[in-house]
Structure formats: C-alpha cells, structure tokens
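The lines below spell out each chain.
Protein chains: 2
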Amino acid sequence: MELWFKEVYPQGWGVVFKVEKGLCSVRSPYQRIDVLETKSHGRMLVIDGAVMLTELDEFAYHEMLVHVAMFSHPNPKDVLIIGGGDGGTAREVLRHDVKKILLVDIDEEVVNVSKRFFPSLATSFEDERLEVRAEDGIDFVKRASNGSYDVIIVDSTDPVGPAVGLFEKPFFEDCFRVLREDGIMVAQSGSPYFQLDIVAKSHKNMSEVFPIARTYIAGTPSYGGLWSFVIGSKRYLPEEPIREDSSVLEKLKYYNLDVHLGAFKLPTYIKKAIDEAKAS
Amino acid sequence: MELWFKEVYPQGWGVVFKVEKGLCSVRSPYQRIDVLETKSHGRMLVIDGAVMLTELDEFAYHEMLVHVAMFSHPNPKDVLIIGGGDGGTAREVLRHDVKKILLVDIDEEVVNVSKRFFPSLATSFEDERLEVRAEDGIDFVKRASNGSYDVIIVDSTDPVGPAVGLFEKPFFEDCFRVLREDGIMVAQSGSPYFQLDIVAKSHKNMSEVFPIARTYIAGTPSYGGLWSFVIGSKRYLPEEPIREDSSVLEKLKYYNLDVHLGAFKLPTYIKKAIDEAKAS
Numbered sequence: 012m013e014l015w016f017k018e019v020y021p022q023g024w025g026v027v028f029k030v031e032k033g034l035c036s037v038r039s040p041y042q043r044i045d046v047l048e049t050k051s052h053g054r055m056l057v058i059d060g061a062v063m064l065t066e067l068d069e070f071a072y073h074e075m076l077v078h079v080a081m082f083s084h085p086n087p088k089d090v091l092i093i094g095g096g097d098g099g100t101a102r103e104v105l106r107h108d109v110k111k112i113l114l115v116d117i118d119e120e121v122v123n124v125s126k127r128f129f130p131s132l133a134t135s136f137e138d139e140r141l142e143v144r145a146e147d148g149i150d151f152v153k154r155a156s157n158g159s160y161d162v163i164i165v166d167s168t169d170p171v172g173p174a175v176g177l178f179e180k181p182f183f184e185d186c187f188r189v190l191r192e193d194g195i196m197v198a199q200s201g202s203p204y205f206q207l208d209i210v211a212k213s214h215k216n217m218s219e220v221f222p223i224a225r226t227y228i229a230g231t232p233s234y235g236g237l238w239s240f241v242i243g244s245k246r247y248l249p250e251e252p253i254r255e256d257s258s259v260l261e262k263l264k265y266y267n268l269d270v271h272l273g274a275f276k277l278p279t280y281i282k283k284a285i286d287e288a289k290a291s
Numbered sequence: 012m013e014l015w016f017k018e019v020y021p022q023g024w025g026v027v028f029k030v031e032k033g034l035c036s037v038r039s040p041y042q043r044i045d046v047l048e049t050k051s052h053g054r055m056l057v058i059d060g061a062v063m064l065t066e067l068d069e070f071a072y073h074e075m076l077v078h079v080a081m082f083s084h085p086n087p088k089d090v091l092i093i094g095g096g097d098g099g100t101a102r103e104v105l106r107h108d109v110k111k112i113l114l115v116d117i118d119e120e121v122v123n124v125s126k127r128f129f130p131s132l133a134t135s136f137e138d139e140r141l142e143v144r145a146e147d148g149i150d151f152v153k154r155a156s157n158g159s160y161d162v163i164i165v166d167s168t169d170p171v172g173p174a175v176g177l178f179e180k181p182f183f184e185d186c187f188r189v190l191r192e193d194g195i196m197v198a199q200s201g202s203p204y205f206q207l208d209i210v211a212k213s214h215k216n217m218s219e220v221f222p223i224a225r226t227y228i229a230g231t232p233s234y235g236g237l238w239s240f241v242i243g244s245k246r247y248l249p250e251e252p253i254r255e256d257s258s259v260l261e262k263l264k265y266y267n268l269d270v271h272l273g274a275f276k277l278p279t280y281i282k283k284a285i286d287e288a289k290a291s
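So the sequence lines, in the order shown, correspond to chains A and B.
The numbering used here numbers the first residue of the first sequence as 12 and each following residue consecutively.
The numbering used here numbers the first residue of the second sequence as 12 and each following residue consecutively.
There could be a bad hint or two in this list.
Pairs involving identical chains hold if they fit within one copy or between any two copies, as the list cannot separate such chains.
[Stated by the list, open to error] Think about it this way: if two alpha-carbon atoms lie no more than 25 Å apart in a straight line, the pair counts; the simulated PhoX-like pairs of lysine-lysine are:
| id | residue 1 | residue 2 |
| --- | --- | --- |
| 1 | Lys289 | Lys264 |
| 2 | Lys262 | Lys289 |
| 3 | Lys283 | Lys180 |
| 4 | Lys264 | Lys50 |
| 5 | Lys283 | Lys264 |
| 6 | Lys29 | Lys17 |
| 7 | Lys17 | Lys32 |
| 8 | Lys264 | Lys215 |
| 9 | Lys283 | Lys262 |
| 10 | Lys282 | Lys262 |
| 11 | Lys276 | Lys264 |
| 12 | Lys264 | Lys282 |
| 13 | Lys50 | Lys17 |
| 14 | Lys88 | Lys245 |
Note that these hints are calculated values from the structure, not bench results.
Remember, it's a predicted structure, so these values are computed and weren't measured experimentally.
Bound-form chain A, shown alone:
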C-alpha cells in the first residue's frame, strides 16, 4: 500500500508527499494537528491540512524569518514571538545573546506535539530564557505595555481564520507601541506568486505604521517556492546587517550577511505590486 498526503491550494494546484507513517493526529480546540513521516522531506507538521514545516527545509524559513531582523538590531535583548508554537523560530532567536523571549501561541497543543516529534526544534523550550504563553497574539499585544520589546517576530499561519488580524494595521500599530524606540518587527507575508495581494497589502499596512518598511524574499520549497517577509523598523535600516556575530553565523545553514543583502533585491513584478498598493 502506498500512502500519499496531498495539500491542494485554493488556486487549483498543490503538493503531494509519499508518507511512510502517520505519527500523530490530534484535534486541539483551535485546529487539527498531524505529524507525518515523509520519504522526501523527513517529518512534517500539518495544521488543518496545510504543511507548516518539514525537517528538510524548515531551516530556510526559520533562519530567514529571524536573522534578518536580529542582525539589523544592534542589541536585541527582549524578543516577542507571536505564533511559532513549534519552537523553530525561538531556536533561531536563542542563538543570539538575548535576555528574554516571550512566545505567545494561541494553541499549546502545537508546543506539545513539537516537543514529542520535533526535538530539533523543541530544544528551545528547555532554555530558561524562553517563556511560553498560550494566548491569542492579537489580544496579547493589545494589552502589552509600551516599549517592552526590541524585536517582534510574527510566525503565523496563512491569513485565513484567526490569523487574518495578524496582517492588518491595528495589529501592526499595537506592535509599534510595544516596541522600544529603536524596535523592529517582522512577519511572514505570503507567497509572491499566489498571494501577491497579501504581499503588497502587508507592505502597505506596515509602511503606514513604521517609518521604515521593507519586503524581502527567500526560497522555501515546502511553501510553493518563493516566500515573502515584511519588516517594520523604527530606526535601523533592515536591509543592512548592523552586526557580524560570527559565533551565530557559523551555526546557520541558509542565512549569511550576503544573503541578507540579496534578500531585499526584489523582482520587478513584486516591486511594482508593492508600489501600486502604496499609491492606491
């Protein structure tokens, strides 16, 4: 018998993976969570039928989500992660000399599943600098104190259901307020091929809240190829690394200071979509 997992995107295409074994399937109050052992991508975390990460290429997404912002800030000590219950984003932040990370994920079941099946991501939960809270991220930043964080990282699912608000202006405004005066925030902002409207809209929202807003891209095969990230900064230019911490860099597989520079060189059609959204 052959077992295949198929994820079909609303546009009418999708990806298939040969499955060696289903390792876990749980239903939390928020979503269905599956772990599959695949032939090609190693273990795979699937939420509500959508691939969230695979052992093969999670490093590309997590490194590019985290280190661009972290290397753009001279001294990030207090970091807030919204989402990211699998621990991969926290693992990357912990490579830096931070004082405290607060990870706010609405679904603690994701944390539990990761601890059981993704030890290479979940090592972060053993670090005492990391605190986890099972709360809604949008509510959390609404109530958080002004100027509490140096960096905020939004590691969310796609903008459907509960995650919609994480791409909107009121959330970015709350993040702006709870960041310190030289703070930086970064969020995944969708596929430049299939969600170009989200890429452009997220950039526009960010640019209306932060004095400096930029979009950058990275190659992430499990998410249909190219992926985009939007970054908002109060003071530092995020397109240029401000530090060169070789003890961090030597541990990374995707990110390096050249890749940081290169990620902001956007293809013409993405630049155009962003410019048009801003002008509208």
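Given the coordinates of chain A, assemble chain B onto it according to the supplied hints.
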C-alpha cells in the same frame, strides 16, 4: 469529473495541477510532449511527464537564465542557444540588440507545439535574427568553429537521458572553444534542495574549464521552488551587470539590476556544497 495532472519526483514528492483541458499530446522521436490548460498556472508544457514551463511563471526562469549573462557582456552580438525549443529563451535574448541567434534543439516537435500553443513564447520564431536547427546540441558544439559566439545559453531538461552530457566537462570545454575571447556561457544547473549534487558538480566542472565560474539562484515555483544556474566567463565578472539598457529593463517582469546582484548571494549550505565539491 475532475482532471488532475501529477508530477512525482524520484525523491517521493510531487506537484498536482487541476486540468481544465488537455490541448495536445504528441510523441516525437525523442520524447512525449503534452500541453495542458491548467486552472492555476495557465497553459503548461509537459515533456515525458515533467513540467517544462507554465504561462504563470515561465518569465522568472527565462529572464533569469538569459539576462544575467546578457547584461554581463558589454556587446553580445552572436548568441547560441542549446535546447530552448519552446522559444522563451530566444524571446528574452531578442530583447537585446543582437545580430544573430542560433537555436539548436534536438526535437523540432517542441518548436511546432510551441508555435501552436504558446504564442507568447513563439513570437521569437518570427524574428529573422533567429535561426533554428534540429540537431543534438552536444554534437553541434563539437563541430562548431572556434570563437564564433559571444554568449552560449543552455536551456536543457534535467540531467537524465540525452541531457546528461550538457552538465559535463567535455561539453563545457567545447563551449569554451567556440566562444570568443570574452565570451560567457550559462546553464541551468538544478534544484538546490533536491539536486544539490548537480548544482555542486556543475559548478566544479565549469570552474575547471572557465577562469571565472559562478552559481546563482532564482525563485521558480513550477520547478519546486528555488532554481540554480551556473555561469562561466572568460573575462567579465558575471555577478556585476556591465550595462544598464533601460529599453530592455522596462520590458522585464523579474530581472532587474538589483536582482542580478542579489542572485549571487548564495545561502550558506549551497556555498558549502560548492566548496566541498571543488576541494574533492
């Protein structure tokens, strides 16, 4: 009834596309050629069951294959294309002020199919600067005269079957010989996630033949995300555009001078694989 086309890669994963209609299916002496109308990617060219191009994202691949080499050469007049029977690569070359393009594809049936079903690519066949020959590319360069071309572009299928030789040193040596003294060649060199050995081996082969060898990448969703290209140059540094021809640039959707610079900023794991192959 729902019709789906599925391409499964040897690693045990693949892509699926909802098909509105099968438009054409022919068997040439060399391969089976299908054209599908898909819901998500527009028309799709499939050769021996593998996606060759889609209307949605062919621009990314063709622009990045062609313009990096073309903008690295100060005055490319004579261009040789090996493969590329669909006409997309020739279309991009023709945007430049070239004198003559010779396109050598083993299978003239690809040219015929493209003329019928991909008019946006096949416009190039109407340009009198383009000559098409149905021949084996490897044999062709073996017999071609020394110093005949400024730029050679290899637009091949994957290194299985007849295309294997296009990734090997003897072919690169013939290309070196038929290039002028400041000539440049470029070839697609596989997926950095699933064919990292080919990426590294192609670079090593190129670096043993050309004084300047570089690898660059671009995001190409139809080919499983990120794609790599290897470039060999006799004189000019390919990582820096040498011209800024705005009449060409304004027509492009992916390539721009920033993207050119950014494409050479390789993720750490790709750099390592290349360095290890060279040292072996």
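Right, here's what the structure says about each hint:
1. Lys289 - Lys264: between (34 Å within a copy, 19 Å between copies)
2. Lys262 - Lys289: between (38 Å within a copy, 22 Å between copies)
3. Lys283 - Lys180: within (21 Å within a copy, 41 Å between copies)
4. Lys264 - Lys50: Within one copy, since 22 Å is at most 25 Å while 36 Å is not.
5. Lys283 - Lys264: between (31 Å within a copy, 9 Å between copies)
6. Lys29 - Lys17: This pair counts as both: shortest intra-copy Cα distance 9 Å, inter-copy 13 Å.
7. Lys17 - Lys32: both (14 Å within a copy, 22 Å between copies)
8. Lys264 - Lys215: For Lys264 and Lys215, only the inter-copy Cα distance (21 Å) is at most 25 Å; the intra-copy one is 31 Å.
9. Lys283 - Lys262: Answer is between: at 13 Å across copies they meet the 25 Å cutoff, but 36 Å inside does not.
10. Lys282 - Lys262: between (32 Å within a copy, 14 Å between copies)
11. Lys276 - Lys264: Cα proximity of Lys276 and Lys264: in one copy and across copies (20 Å, 13 Å).
12. Lys264 - Lys282: Answer is between: at 10 Å across copies they meet the 25 Å cutoff, but 28 Å inside does not.
13. Lys50 - Lys17: The answer is both: 14 Å in one copy and 17 Å across copies each meet 25 Å.
14. Lys88 - Lys245: within (16 Å within a copy, 49 Å between copies)
Against the hints set out earlier in the document, no violation occurs for any number.
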